[in-house]
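Peer 1: The listed protein sequences derive, respectively, from chains A and B.
Just so you know, the first sequence maps onto residues 1 to 532 in the working numbering.
Just so you know, the second sequence maps onto residues 1 to 304 in the working numbering.
Source of the hints: derived by calculation from the structure; they are not laboratory data.
Small disclaimer: the values here were computed from a predicted structure and weren't measured.
Every residue gets a Cβ at the ideal spot worked out from N, C-alpha and C, and that includes glycine.
One or more hints might be untrue.
Said to hold, decoys possible - One-sided and incomplete, this derived list gives chain A residues near chain B with beta-carbon spacing under 8 Å:
{"id": "1", "residue": "N69"}
{"id": "2", "residue": "G142"}
{"id": "3", "residue": "G144"}
{"id": "4", "residue": "W145"}
{"id": "5", "residue": "Y148"}
{"id": "6", "residue": "P247"}
{"id": "7", "residue": "K320"}
{"id": "8", "residue": "Y322"}
{"id": "9", "residue": "L328"}
{"id": "10", "residue": "M360"}
{"id": "11", "residue": "F364"}
{"id": "12", "residue": "I368"}
{"id": "13", "residue": "N387"}
{"id": "14", "residue": "A464"}
Said to hold, decoys possible - Pairs of lysine-lysine, DSBU-like flavour, derived with a Cα cap of 35 Å:
{"id": "15", "chain 1": "B", "residue 1": "K160", "chain 2": "B", "residue 2": "K275"}
{"id": "16", "chain 1": "B", "residue 1": "K180", "chain 2": "B", "residue 2": "K275"}
{"id": "17", "chain 1": "A", "residue 1": "K497", "chain 2": "B", "residue 2": "K102"}
{"id": "18", "chain 1": "B", "residue 1": "K102", "chain 2": "A", "residue 2": "K199"}
{"id": "19", "chain 1": "B", "residue 1": "K275", "chain 2": "B", "residue 2": "K239"}
{"id": "20", "chain 1": "B", "residue 1": "K200", "chain 2": "B", "residue 2": "K239"}
{"id": "21", "chain 1": "B", "residue 1": "K65", "chain 2": "B", "residue 2": "K200"}
{"id": "22", "chain 1": "B", "residue 1": "K239", "chain 2": "B", "residue 2": "K160"}
{"id": "23", "chain 1": "A", "residue 1": "K353", "chain 2": "A", "residue 2": "K199"}
{"id": "24", "chain 1": "A", "residue 1": "K199", "chain 2": "A", "residue 2": "K499"}
{"id": "25", "chain 1": "A", "residue 1": "K429", "chain 2": "B", "residue 2": "K102"}
{"id": "26", "chain 1": "A", "residue 1": "K499", "chain 2": "B", "residue 2": "K102"}
{"id": "27", "chain 1": "B", "residue 1": "K160", "chain 2": "B", "residue 2": "K65"}
{"id": "28", "chain 1": "A", "residue 1": "K499", "chain 2": "A", "residue 2": "K429"}
{"id": "29", "chain 1": "A", "residue 1": "K353", "chain 2": "B", "residue 2": "K102"}
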Amino acid sequence: MSITANDHALAAHGHHHQSFVSRWLMSTNHKDIGTLYITMAFIGACVGGTLSVIMRQQLMYPHSHIVANGDTWNAIITAHGLLMIFWFVMPALIGGMGNWFVPMMIGAPDMAFPRLNNMSFWFLAAGFVFVMLGLLLGSGTGAGWTLYPPLDNAQYSPGMATDFSLFSLHLAGISSLLGAINFIATILNMRAPGMTMHKMPLFCWAILVTAFLLLLAIPVLAGAVTMLIMDRNFGTSFFEPSGGGDPVLFQHLFWFFGHPEVYIMILPAFGIISHVVSTFSKKPVFGYLGMAYAMVIIGFVGFVVWAHHMFVSAISTDSKIYFEVATLIIAVPTGIKVFSWIATMWGGSIEFKTPMLWAMGFIFLFVIGGATGVVLANAGLDQELHNDYFLIAHFHYVLSMGAAFAIFAGFYYWIGKMSGHQYPEFWGKVHFWTFFIGVNLTFFPMHFLGLAGMPRRYPDYADAFAGWNYVSSIGSIISVVSTLVFFYVLVRVFSSKEKLADNYWGEGATTLEWAVPSPAPQHTFLEVPVIR
Amino acid sequence: MTRKGVFVARLAGWLAVMAVLMWHGGAAWAQSAPQDPAAAANAYVNAPHDWELWFPPAGSPMQAKIDWLMKYVLWIMAVVVGFVAILMAVVIFRFRARVNPKPSTTTHNTLLEVTWIVVPCLILVAIIIPSIDLIYYEADDTNPYMTVTVTGHQWYWEYKYDSVPGLDYTSYMIPDDQIKPGQIRRLSVDHPLVLPVGEKIRFVISSADVLHGFYLPSLGVQKYAIPGNTLTSWTIIRKPGTYYGQCNQICGLNHDAIPIEIKAVPLNDYIAWTKMALANYTENTVTPLLSSPMPRNQLADATR
Chain A
1 MSITANDHAL AAHGHHHQSF VSRWLMSTNH KDIGTLYITM AFIGACVGGT
51 LSVIMRQQLM YPHSHIVANG DTWNAIITAH GLLMIFWFVM PALIGGMGNW
101 FVPMMIGAPD MAFPRLNNMS FWFLAAGFVF VMLGLLLGSG TGAGWTLYPP
151 LDNAQYSPGM ATDFSLFSLH LAGISSLLGA INFIATILNM RAPGMTMHKM
201 PLFCWAILVT AFLLLLAIPV LAGAVTMLIM DRNFGTSFFE PSGGGDPVLF
251 QHLFWFFGHP EVYIMILPAF GIISHVVSTF SKKPVFGYLG MAYAMVIIGF
301 VGFVVWAHHM FVSAISTDSK IYFEVATLII AVPTGIKVFS WIATMWGGSI
351 EFKTPMLWAM GFIFLFVIGG ATGVVLANAG LDQELHNDYF LIAHFHYVLS
401 MGAAFAIFAG FYYWIGKMSG HQYPEFWGKV HFWTFFIGVN LTFFPMHFLG
451 LAGMPRRYPD YADAFAGWNY VSSIGSIISV VSTLVFFYVL VRVFSSKEKL
501 ADNYWGEGAT TLEWAVPSPA PQHTFLEVPV IR
Chain B
1 MTRKGVFVAR LAGWLAVMAV LMWHGGAAWA QSAPQDPAAA ANAYVNAPHD
51 WELWFPPAGS PMQAKIDWLM KYVLWIMAVV VGFVAILMAV VIFRFRARVN
101 PKPSTTTHNT LLEVTWIVVP CLILVAIIIP SIDLIYYEAD DTNPYMTVTV
151 TGHQWYWEYK YDSVPGLDYT SYMIPDDQIK PGQIRRLSVD HPLVLPVGEK
201 IRFVISSADV LHGFYLPSLG VQKYAIPGNT LTSWTIIRKP GTYYGQCNQI
251 CGLNHDAIPI EIKAVPLNDY IAWTKMALAN YTENTVTPLL SSPMPRNQLA
301 DATR
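Construct the complete structure from the given sequences, taking the supplied hints into account.
Peer 2: Dropping the structure here:
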């Protein structure tokens, strides 16, 4: 991929002199909106992470009283799940890094609908206020992030908190839906001349597939949430057995959204990892087309596996077999991704800079999370493992270590391009190693707790589960220390005076964002780049 | 006395003390047996223990099958993870910039790309075949010896014995401050579910209010309790003893405080127990759909 002349000297003239209010509150610039999204993700991660630390403190010893009672506990676990998914992982990967780099990578001047882009962000920000009200009002929303009725209907969850949580999902959903429409329009229509779909960087492929998943999954969530709100407030009985409704219907609707949601969180991560691995191996991505279409296949199959979340709910025997087999099939395209990353590194000239450490950590830990995923896909085994700590370990290996490691890989990879300042290499590596040790110590013992039969969402447990819970809580404290190191890295980045080259990673970084200055100017391209 | 003589004398004394203790213990058991035949189950306790690394010992054939398949699938996945780990170690040591300054430019290898599609497919087939067997086995709840209707409530379980008319009672967790020696905090209940060993028992599981989860890890049984729905599962308990389970679907304030305790006893003791229970459990008998007898907050204070 080569780039025609693109006069960076002129780029400096592209800066407008804008007031703070017009730049940040009425933004139409994809980079500024991306920065807003990343700020939102930072806040969401801090609040959601703090909740997780409270949870681990409560569980450090049996019979603790750090959390006042079961209602408070349930509100905390619910908010932790919602915040980490909708206000940390999604805004960081899709709204944040997607906004920043998709237009740049395809050589587009901005997103297709800049004002819609701004609106997407502010819906999400409003949703954050609502989800916090859902946590803090009264005794909070205590149904878990899956929001299964009847626990969150008007009888068992009276009070406004649950309504706020449900509406927060509407706001986050509208935000994601508008963002998805924007990404699809941008990627399909605004690629630079010469950039065919089969030359498009893998991160853009990842965001494109993610956008289609959002487009098809979010309306189903919106329907389910609306039905819940109607049941709570207007006397309908979609999910009320006494009125002819069925709680199982909600489970189907929720997971028809919820399972694609899992891939919505991990596909952009796949895209970032491909770029980081290729850059630091100084090699092009191995099997590019296989990598792109593996994501498309994961997206398709991801829509037809939802009831594997319901193996111990009301589901027929033959449906179990179908959903088990369909679920296991996803291991094949995922295997293509993993082996292609390794093949990309194979024969490379690898530099173990901080982003590469996060990417390699991602690959290994995601394989462990994937392996336990294959175990859980077995409906027969799920009868033993469903909803216990083995499941908690599994999905934190793919999310807390998968998605979060990819977010950090992307952060260290692109922070120079976004801020114009490089991170301190030593402290980046300290952050990686402390976090690697912390999360493994937190989540690996959960496999053992699950095998021993400890259920999830328990504020107190039988004394026999104390040992591994203690180890897990120590791991969470190490992760807190690691996060403090990350805050120090942020301070160093924003206080740095160092100037950065356009392409500070050198020969391995070949996508278009490395052809523009660091930080990227407000108007990325003064001339449309041409891809040969 | 010789040293040997001292030893023999002490051994004899020790044996005598043990004999007396065993006699008394046996007599105590013989006396209590008519009151609660289920007490015989105290011989064997299948409860979780600290630093556990694996499933509880299999209490039922179903759990034994789950245990086997789990080992089978986990070993396969361990080989896969180990293979990836070896590849990554090779990459780290052989292809670091210092060792390999000139990167290769290979980006395709059709044979390799076909291999890493075909081999995972074969592995999946090897997993799916025994897995489907287990699904059908778990679903086969036909021809039970007896059926227990299990109903989840906020926050207790209700057990109704379909073959014993009138036997329908509730089971509450022992609050932390009332735990007696021999009971397990957070797992022991006031009235355990008493079942005969060696017989096929079908559970018909439902809920009177919100979702609950009827989860018996040592027997390999788990099903949601869903209002307006009945799900079934089954078990055959292999030997007399005490088995534990917990609610495994979030159900509100005291989700962590409705454990399941099962006393498995020989069939004759079970029949004797049903007569005792019919006579004594009347005040505990509830009609289905009756809501929690204790106000929410009072129950919270009692259990936390």
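Peer 1: Confirm or reject each hint.
Peer 2: Verification of the hints:
Using the Cβ-Cβ criterion of 8 Å, the hint placing N69 of chain A at the interface with chain B is satisfied: the shortest such distance is roughly 5 Å. Annotation: interface hint on G142 of chain A holds; nearest CB of chain B at approximately 7 Å, less than 8 Å. The beta carbon of G144 of chain A is positioned within 8 Å of a beta carbon in chain B (closest approach about 5 Å), and the interface hint is therefore held. Hint status for W145 of chain A: violated, given a least beta-carbon distance of 10 Å to chain B, over 8 Å.
Hint status for Y148 of chain A relative to chain B: holds, with the closest Cβ pair at about 6 Å, below 8 Å. Against a cut-off of 8 Å between C-beta atoms, the interface hint on P247 of chain A holds, since the closest Cβ of chain B lies about 6 Å away. For the restraint placing K320 of chain A at the interface with chain B, the shortest Cβ-Cβ distance is roughly 5 Å, inside the 8 Å limit, so the hint holds. Because the closest C-beta pair between Y322 of chain A and chain B is about 11 Å apart, greater than 8 Å, the hint is violated.
The beta carbon of L328 of chain A is positioned within 8 Å of a beta carbon in chain B (closest approach about 5 Å), and the interface hint is therefore held. The interface hint given for M360 of chain A holds, since its Cβ lies 7 Å from the closest Cβ of chain B, which is under the 8 Å cut-off. Because the closest C-beta pair between F364 of chain A and chain B is about 6 Å apart, less than 8 Å, the hint holds. Taking 8 Å as the C-beta cut-off, the interface hint given for I368 of chain A holds, the closest approach to chain B being about 6 Å.
Interface restraint check: N387 of chain A against chain B, minimum CB-CB distance 5 Å, threshold 8 Å, status holds. Look at A464 of chain A: its Cβ gets to within about 4 Å of chain B, closer than 8 Å, so that hint holds up. At roughly 14 Å between alpha-carbon atoms, K160 of chain B and K275 of chain B fall within 35 Å of each other, so this suggested pair holds. Restraint check for K180 of chain B and K275 of chain B: satisfied, since their Cα atoms lie roughly 26 Å apart, inside the 35 Å limit.
The suggested pairing of K497 of chain A with K102 of chain B holds, with an alpha-carbon distance near 33 Å, which does not exceed 35 Å. Using a Cα cut-off of 35 Å, the hinted pair K102 of chain B and K199 of chain A holds, with the two alpha carbons roughly 25 Å apart. Among the hinted pairs, K275 of chain B with K239 of chain B is consistent with the structure: their alpha-carbon atoms are about 22 Å apart, no more than 35 Å. Proposed proximity of K200 of chain B and K239 of chain B is supported: the alpha carbons are some 13 Å apart, at most 35 Å.
For the suggested pair K65 of chain B and K200 of chain B, the alpha carbons sit about 16 Å apart, so the restraint of at most 35 Å is met. In summary, the hint linking K239 of chain B to K160 of chain B is supported, as the alpha carbons are separated by about 23 Å, within the 35 Å threshold. Between K353 of chain A and K199 of chain A, the direct Cα distance comes to roughly 27 Å. Compliance with the 35 Å bound is thereby established for this hinted pair. For the proposed pair K199 of chain A and K499 of chain A, the alpha carbon gap of about 31 Å is at most 35 Å, so the pair holds.
For the given pair, K429 of chain A sits about 25 Å from K102 of chain B by alpha-carbon distance, which is consistent with the 35 Å threshold. For the suggested pair K499 of chain A and K102 of chain B, the alpha carbons sit about 28 Å apart, so the restraint of at most 35 Å is met. At most 35 Å may separate the alpha-carbon atoms for a hinted pair to count; K160 of chain B and K65 of chain B meet this at roughly 28 Å. A threshold of 35 Å between alpha carbons decides the hint, and for K499 of chain A with K429 of chain A the separation of about 21 Å falls inside it, so the pair holds.
Among the hinted pairs, K353 of chain A with K102 of chain B is consistent with the structure: their alpha-carbon atoms are about 18 Å apart, no more than 35 Å.
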